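S.K.: If you want the building blocks of each chain, they are given just below.
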Amino acid sequence: MDFQVVVLAGGTCKKLLPLVSKDVPKALLPVANRPVLSYVLEQLELSNLKDLIVVVEGEDAALCVGGWISNAYVDRLHVKVAAVPEDVGTAGALRAIAHHLTASDILVVSGDLVSDIPPGALAAVHRQHDAVVTTMLCSAPVNGPTESVSSGGKDKIKKPRRYNIIGLDPTKQFLLHVATGAEVEKDIRIQKSILRAVDQMEIRADLVDAHMYAFKRSILQEVLDEKDKFRSLKEDILPYLVRSQLKSEVLLNGVPQAENGNEMVNSQNNQAAVSRILANASTPSFHDLYASSNKGSTLVRRTHKCCAYIASESKYCQCLNSIQAFSDINRDVIGDASHLSGYSFSAHNNIIHPSAQLGSRTTVGPHCMLWEGSQMGDKCSVKRSVIGRHCRIGSSVKVVNSVIMDHVTIGDGCSIQGSVICSNAQLQERSVLKDCQVGAGFVITAGSEHKGESLARK
Amino acid sequence: MDPRRAPRTVSDPKVRKVGFFTDPPDRSLPGPPNHPISSFPTSPPSTVDNSPPSAGNSLSPVMIPPPRHSSSILSPLRRDPPEFFPLPASPTASTTFSDDVASTMKGRGVAAASSSLPGGLLFDIAASSVPASGLTTVSVVNNLPIEKGGGVAVEMQDDQSSRSKSLKEKTTKAERRALQEAQRAAKATAKAEDGKTPAAASGAAASVKSGKSVKPPPSQKNDSAALAALEKKAGDRPPEKDRKKEVPQPRMQFDDKSRVEKAKRRAVVKQTEARNRVELFRHLPQYERGTQRTELQSKFFELDPVHPAVYKVGLQYLYGDICGSNARCIAMLQAFQEAIKDYSTPSEKTLARDLTAKIGSYLSFLIECRPLSISMGNAIRFLKNRIAKLPLTLSELEAKATLRSDIDRFINEKIILADKVIVKHAVTKISDGDVLLTYGSPSAVEMVLLHAHELGKQFRVVVVDSRPKLEGQLLLHRLVGKGINCTYTHVNAISYIMHEVTRVFLGASSVLSNGTVYSKVGTACVAMVAHAFRVPVLVCCEAYKFHERVQLDSLCSNELGDPDVISKIHGREDINFLDGSTNSENLQLLNLIYDATPSDYISMIITDYGMVPPTSVPVIVRDYRREHLWI
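As you go down the protein sequences, you meet chains C and L in turn.
Counting from 1, position 141 in the first sequence corresponds to residue 141 in our numbering; the numbering is continuous, with no gaps.
Counting from 1, position 445 in the second sequence corresponds to residue 445 in our numbering; the numbering is continuous, with no gaps.
Honestly, the hints are just simulated from the structure, not real lab data.
Each hint should be verified, as a subset may be incorrect.
No more than 25 angstroms apart at the CA atoms, straight line, and that leaves these computed lysine-lysine pairs for DSS-like [as the list claims (entries may be wrong)]:
1. C/Lys398 <-> C/Lys383
2. C/Lys172 <-> L/Lys469
3. C/Lys172 <-> L/Lys568
Here are the computed distance ranges between Cβ atoms for each label pair [stated by the list, open to error]:
4. C/Ile190 <-> L/His499: 26 to 36 angstroms
5. C/Glu372 <-> L/Pro468: 57 to 67 angstroms
6. C/Arg243 <-> L/Ser581: 43 to 53 angstroms
7. L/Arg353 <-> C/Ser275: 28 to 38 angstroms
8. C/Asp206 <-> L/Thr294: 16 to 26 angstroms
9. L/Asp553 <-> C/Phe345: 19 to 29 angstroms
10. L/Ser495 <-> C/Glu222: 49 to 59 angstroms
11. L/Ser347 <-> C/Glu222: 32 to 42 angstroms
If you want the ones that stay clear, here's a sample from chain C, every Cβ over 10 angstroms from chain L, calculated [said to hold, decoys possible]:
12. Ala325
13. Glu372
14. Arg457
Bear in mind that the values here come from a model prediction, so they are computed numbers and not experimental data.
The beta carbon of each residue, even a glycine, is placed where N, CA and C say it ideally should be.
Please model the complete structure; the sequences and the hints are all you need to start from.
M.R.: As structure tokens, this is what we get:
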């Protein structure tokens, strides 16, 4: 279908700091015991997209990700990994690999997207309207905030979620205005010319950008070349394209006219007639109306289309871009959105690997996952949590709403709630954790109590 | 309605009065029945009170003998209807393209592996401050694995191709060869035998014609056309296929459960059929629009054999972004042009066969988006014919270039130029002070109106529109923008507005060979009212839309649109009374797209071959068909 796929896998994201490390870049963070990148790759594979470019920030991270992909997807996908310097931003990453892009349209997917929306839907909308950019919007997660409320007390002053303010046309197909979360605090400036052309704009705050875009390659490359200040797709390039859609500076119509150039005048007249028939027969979008209303001066159409694909409410879509999101996604993948995990759940709605050992009177509730080689002592209780490989958990341990990665040792009588514990960490006896993040290899001393802290080796 | 309306028995099937005539109830037909000229009204139409004086002589119609339905002439030309409505993905087509997929996939895997860059290789880009990065290939698809979640369609193809392979393996190569030889020999003898019959038949036809020309001689054009047809018939005989398919396959009837099931299995896109269909129209396909769209969208990347340009056009059909038969036909041909441009013949295949199969698969995709119109059917027949007629000696590049220029030629000659000729003819029928009525937004009529306005004629236009598409508003917008005086009304008010109208100009989706005009739903109503008010009805239709089919009603072949469109009114939530009851068992919604206007209501058809009465359509179909297809 002449689409090229770029997966932006990021590097070691600052926002996820205790969780990510040199060995575990963001793309390899386990979600239900599978790297988060695998969700994207599998979704793409399902859509028959097997030729991918994965862009990773940082050489080390690129090696890690490349190694994992070559292990997991040999013979299934054709993946090329590109390493870009850290902190170049999403636009910078694309700029670095721009010379590898050849297809007419580019699908850019963020590597931290956990979603079951078929990318084909986005691409179809993009193609149908012949758009310059199409972005996927999904409804903002409602369970996120409620969860943090229940986690309670001290964490009350939560960071404002970065919701977008998005303006749509009445048919909900075209993107008229985009403002990212940071700008929302200020006044919203809406362009008069766009408003005048469309008559009606629907402003919505309940949609979030799902970090999946389809770009027209020629336009993307042109923008990347000309605006070398642009760092982010979401905050720079997309607003720029949306802003300038009626006074397009990118040369859209240059190519087809060059083709006709050497033909006879007569055939050009015919071409004009053909295009007039086509134009008259189709229902004009506001772009066409705008272009036709002030034609006179310039014959070249100077508009381009920015489209939006709004995923239906029933689809799951979330980005792993914060610690909160990480635990949310983990919970959802083994809970409500269990079809994403790709595992079959037992009758009790949980997964316990056959090689896992449970002590007597230990209960593992629904929406839990206990992976291979893990051992649990007596009288433990696990609720809505993920426990990785080869963990050793003592007796009378309570695990609620938490993620425990591989090779974690937990002493007797610990209580863990709403926390994330990274690989090789050690919890000594009777420690109590609530809403904490424990970095890889960290040791928590016996009897200590932590609440809402981020613990990592210095 | 008007009590003056003449009974329909006046229109004798053999002797038809052509041009603008009144129905004199007392006057019997003078002259012998096979004397068409004498039946032409010699007196000016006096009863038409508001017709301009110039109408009598300017409307000199082409004189054409009454249509002879002698099968000896028509039959070699006749093609079976299924040609125009190819069943989705015939088994042969699907097997070839699935093989094709496999081979391209393999090829891609290899190519990608070889093209992958060595790790650590750095590139420089001038404009960016960020150092370019090389790509490291970390995972390569070596062979094509049977993927786990590859989608139903892919599995289906695998299944089919394996089945066909097993079928092939049953016979050895030598056996197949022998069989082929035998068939070829049989064909050759058959050809030699029937080479005489059509020639003889056409000779007879010519003699009949010349015999008639003792009486009023047929127009120059007609004569030369007959000669040309004679030559052609003698020159290259109709292909074998035409005769083989003489008995037309019945079209897909969607109330036939078993066949629908079969077709469904073949379909590229799974569609849910709408449940509550009107009893009378169960034989037509109707799908739930919502499911159709999401299916198509989510399958985007799995529809690998469909070319992007074709896909785009399909989506535009589905969403109604392109409507109008000319526009749909042009859009389709241009998409095919794109597809041909990007096409390359796989090894061990010939271009003619493989490309035909490919186009067939595109077509089945397009049909799933929206049933083809007759004009598109004719265009496809033309294209397939061109592909079949390609000389084997041509290289692939040359062949592709010829095909693309052929398509260009078709668009230019059959649509653009035809429209110009139609405009030239039709403008003569517009005089100062006229009130012209049109219905919907026909492209040809729009050109006529604009041209007449450019010539400085003073006239007024009544644009009649109908829900749900309200295409007329767009036409109105453009006409008013050009400074033409317009009236806008809906079809409900047609009987009121018809009083002041002096001419009705209509567009058509197709004109069938019994003179029936197949057009946007509502056209029949407009034409009938106009007829009752004795207002001449002129249909502007390019000759490439003519079809030899005969249709008496609009039931047996029609198209069903999205029923939701008529039950909901966009932007008026307060009057959506049907909300909630659309799923009721007792409610059946019918959104017909086309209707058939009987030829009695049509005064004249304006085509690129001149202005003809509806009775002359079969003549044009018969005599110019070969020219249409450039066989």
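S.K.: Could you run down the list of hints and mark each one as holding or not?
M.R.: Hints versus structure:
Under the criterion of a C-alpha separation no larger than 25 angstroms, the hint pairing C/Lys398 with C/Lys383 is consistent with the structure, at around 8 angstroms. Among the hinted pairs, C/Lys172 with L/Lys469 is consistent with the structure: their alpha-carbon atoms are about 19 angstroms apart, no more than 25 angstroms. A distance of roughly 18 angstroms separates the Cα atoms of C/Lys172 and L/Lys568; the hinted pair therefore holds under the 25 angstroms criterion. About 50 angstroms separates the C-beta atoms of C/Ile190 and L/His499, a value inconsistent with the hinted range of 26 to 36 angstroms.
About 59 angstroms separates the C-beta atoms of C/Glu372 and L/Pro468, a value consistent with the hinted range of 57 to 67 angstroms. One distance hint, 43 to 53 angstroms for the beta-carbon pair C/Arg243 and L/Ser581, holds here, with the actual separation near 45 angstroms. The given range of 28 to 38 angstroms is respected by L/Arg353 and C/Ser275, whose C-beta atoms sit roughly 34 angstroms from each other. Evaluation of the 16 to 26 angstroms hint for C/Asp206 and L/Thr294 yields a pass: the beta carbon distance comes to about 21 angstroms.
In this structure the supplied range 19 to 29 angstroms is violated for L/Asp553 paired with C/Phe345, their Cβ-Cβ distance being about 57 angstroms. Between L/Ser495 and C/Glu222 the C-beta distance comes to about 58 angstroms, which sits within the given range of 49 to 59 angstroms. Between L/Ser347 and C/Glu222, the C-beta spacing of about 38 angstroms keeps the proposed range 32 to 42 angstroms intact. Annotated as non-interface, C/Ala325 keeps its C-beta farther than 10 angstroms from every C-beta of chain L; the closest such distance is 25 angstroms.
The non-interface label for C/Glu372 is consistent with chain L: the shortest C-beta to C-beta separation is roughly 21 angstroms, beyond 10 angstroms. The beta carbon of C/Arg457 is kept farther than 10 angstroms from every beta carbon of chain L, the shortest such distance being approximately 30 angstroms.
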